[in-house]
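J.: Chains A and B supply the protein sequences, listed in that same order. Under our numbering, residue 111 is the last one in the first sequence; the count climbs by one each step, no gaps. Under our numbering, residue 113 is the last one in the second sequence; the count climbs by one each step, no gaps.
Hints are computed from structural coordinates only; laboratory data are not their basis. Since the model is a prediction, treat every value here as computed from it, not as a measurement. For glycine and all other residues, C-beta sits at the position ideal for the given N, C-alpha and C. Accuracy of the hints is not assured; some may be wrong.
[As the list claims (entries may be wrong)] Which residues of chain A face chain B? A partial, calculated answer using Cβ under 10 Å:
hint: 1; residue: LEU11
hint: 2; residue: VAL13
hint: 3; residue: GLY16
hint: 4; residue: ALA29
hint: 5; residue: TYR32
hint: 6; residue: TYR36
hint: 7; residue: GLN38
hint: 8; residue: LYS42
hint: 9; residue: GLY43
hint: 10; residue: PHE46
hint: 11; residue: PHE89
hint: 12; residue: ALA91
hint: 13; residue: ASN98
hint: 14; residue: PHE99
hint: 15; residue: VAL100
hint: 16; residue: PHE101
[As the list claims (entries may be wrong)] In silico lysine to any residue, SDA-like type, Cα no more than 25 Å apart, as pairs:
hint: 17; chain 1: B; residue 1: LYS70; chain 2: B; residue 2: GLY3
hint: 18; chain 1: A; residue 1: LYS56; chain 2: A; residue 2: ALA29
hint: 19; chain 1: A; residue 1: LYS42; chain 2: B; residue 2: PRO8
hint: 20; chain 1: A; residue 1: LYS42; chain 2: B; residue 2: GLY53
hint: 21; chain 1: A; residue 1: LYS56; chain 2: B; residue 2: GLN100
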Amino acid sequence: GESVGLHLPTLSVQEGDNSIINCAYSNSASDYFIWYKQESGKGPQFIIDIRSNMDKRQGQRVTVLLNKTVKHLSLQIAATQPGDSAVYFCAENNYGQNFVFGPGTRLSVLP
Amino acid sequence: NAGVTQTPKFRVLKTGQSMTLLCAQDMNHEYMYWYRQDPGMGLRLIHYSVGEGTTAKGEVPDGYNVSRLKKQNFLLGLESAAPSQTSVYFCASSFQIRRQTQYFGPGTRLLVL
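Looking at chain B on its own, in the form it has when it is part of the complex (with noise of 0.2 Å):
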């Protein structure tokens, strides 16, 4: 099992470039997470996922849009990036939203100029 993936591991790009940040999960996990980390902050959820074709908003979706059409992928877009959106990006997937742990990717370093 390789758990949860991420792709890229790195990526810098122009503001107002766009890119699409891809999660695969192989535990057929239903639900699904994408957060940011800041340094000194917490992780803050982006958007998360219960389940294939469906997804929400998480504490701080503006600037990203994402999908899950199939179940053991989430993809995480940013249409136009802000230097506000440098950060890392962490995927996460867990069983049951309530009271389970939750399954993080090694995350991806994104450089916004």
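Chain A extracted, bound-state conformation (with noise of 0.2 Å):
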């Protein structure tokens, strides 16, 4: 899950299994959301978003969910792999304003 502090969360998953990331966002006004994935000495990359009037959202390896009652996002990647190692932070955007931007959670993919 998310925390502030100088120390990312981290989650260390086997190769194989499911991860599920969890953040806890700010404004109960917030309609859209963004998971973005940042390997280590590059910019962010997106992978899924939400909007509010959806509670989940399925790609490719990877399932977010949305729960407005207790504000707050979950990513879910089936079958993690070595590539999946990165920070994983969420974004929510209260419609017209700026993006606010979650800190991370490290997950590690252990062989």
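From these two lone chains plus the hints, build me the complex, please.
T.: Put into structure tokens, the structure is as follows:
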């Protein structure tokens, strides 16, 4: 999950297992959310997005779940691979405003 | 398509020196952004632009200036660098400011001594 501080939370999973990364967003009025992947030394890369009128959206090997009641977002990665090792963070948008980004979770895939 | 490119990739400055970071995009996006990323924190918006010739302040604008003279370029200037500006700077662009994914550059790592 997300936390404020100098050290990112880390999730370690075995290769082939499923990963679940969580994000608690701050603004109940936010209506658009994005998950980004950031590999070491690179810029953030779009993974998947979801609008507030949905509670689930699926992509290739990834699923995003949105629970507006508790302001919670999760990213599920199926059959995690070594190439999935990265920092994952969510971004929320309140219509017409700028995005707010979470600090991220580091995913470490163990062989 | 190169997407979003940034120069330089890495720079070391002394306190009080000035520099300009260049961002270029070839996707014909209207909106461009400058963020800074510090350890353990989310990306924070410095300045953004909603079109050629326009700029606006973000969350942490102090100590920075920007210019958007051409649609494809967005410049970030530090007039008098301070150690607190040591960070990784990312440029991004999007077609629209609302409900649109932002495409990020590879980042510029800046160290101010």
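J.: Does each hint fit the structure? Answer for all of them.
T.: Consistency of the hints with the structure:
1. Evaluation of the LEU11(A) hint against chain B yields a violated restraint, the C-beta minimum of about 16 Å exceeding 10 Å.
2. Look at VAL13(A): its Cβ only gets to about 22 Å from chain B, farther than 10 Å, so that hint breaks.
3. Because the closest C-beta pair between GLY16(A) and chain B is about 29 Å apart, greater than 10 Å, the hint is violated.
4. The restraint placing ALA29(A) at the interface with chain B is violated, with a minimum CB-CB distance near 13 Å, outside the 10 Å limit.
5. Taking 10 Å as the C-beta contact cut-off toward chain B, the hint placing TYR32(A) at the interface holds, the least distance being around 5 Å.
6. Because the smallest distance between the Cβ of TYR36(A) and any Cβ of chain B comes to about 8 Å, under 10 Å, the interface hint for this residue holds.
7. The beta carbon of GLN38(A) comes within 9 Å of a beta carbon in chain B, closer than 10 Å, and the hint placing it at the interface holds.
8. Evaluation of the LYS42(A) hint against chain B yields a held restraint, the C-beta minimum of about 6 Å falling below 10 Å.
9. For GLY43(A), the interface hint holds, the least distance from its beta-carbon to any beta-carbon of chain B being 4 Å, beneath 10 Å.
10. A cut of 10 Å between beta carbons decides the hint on PHE46(A): the least distance to chain B is about 5 Å, and the hint holds.
11. Of the supplied interface hints, the one on PHE89(A) holds, with its beta-carbon coming within about 6 Å of a beta-carbon of chain B, less than 10 Å.
12. Because the closest C-beta pair between ALA91(A) and chain B is about 8 Å apart, less than 10 Å, the hint holds.
13. The interface hint given for ASN98(A) is met, as the beta carbon of that residue sits about 5 Å from the closest beta carbon of chain B, less than 10 Å.
14. For PHE99(A), the shortest C-beta to C-beta distance to chain B is roughly 7 Å, which falls under 10 Å, so the interface hint holds.
15. Restraint check, VAL100(A) versus chain B: the minimum CB separation of about 7 Å is within 10 Å; hint holds.
16. Taking 10 Å as the C-beta cut-off, the interface hint given for PHE101(A) holds, the closest approach to chain B being about 4 Å.
17. Among the hinted pairs, LYS70(B) with GLY3(B) is consistent with the structure: their alpha-carbon atoms are about 16 Å apart, no more than 25 Å.
18. A threshold of 25 Å between alpha carbons decides the hint, and for LYS56(A) with ALA29(A) the separation of about 18 Å falls inside it, so the pair holds.
19. Note on LYS42(A) and PRO8(B): the hinted pairing holds, with a Cα-Cα distance of about 14 Å set against a maximum of 25 Å.
20. Between the alpha carbons of LYS42(A) and GLY53(B) the distance comes to roughly 29 Å, so the proposed pair goes past 25 Å and is violated.
21. A C-alpha spacing of about 18 Å is found between LYS56(A) and GLN100(B), which places the hinted pair at or below 25 Å, so the restraint holds.
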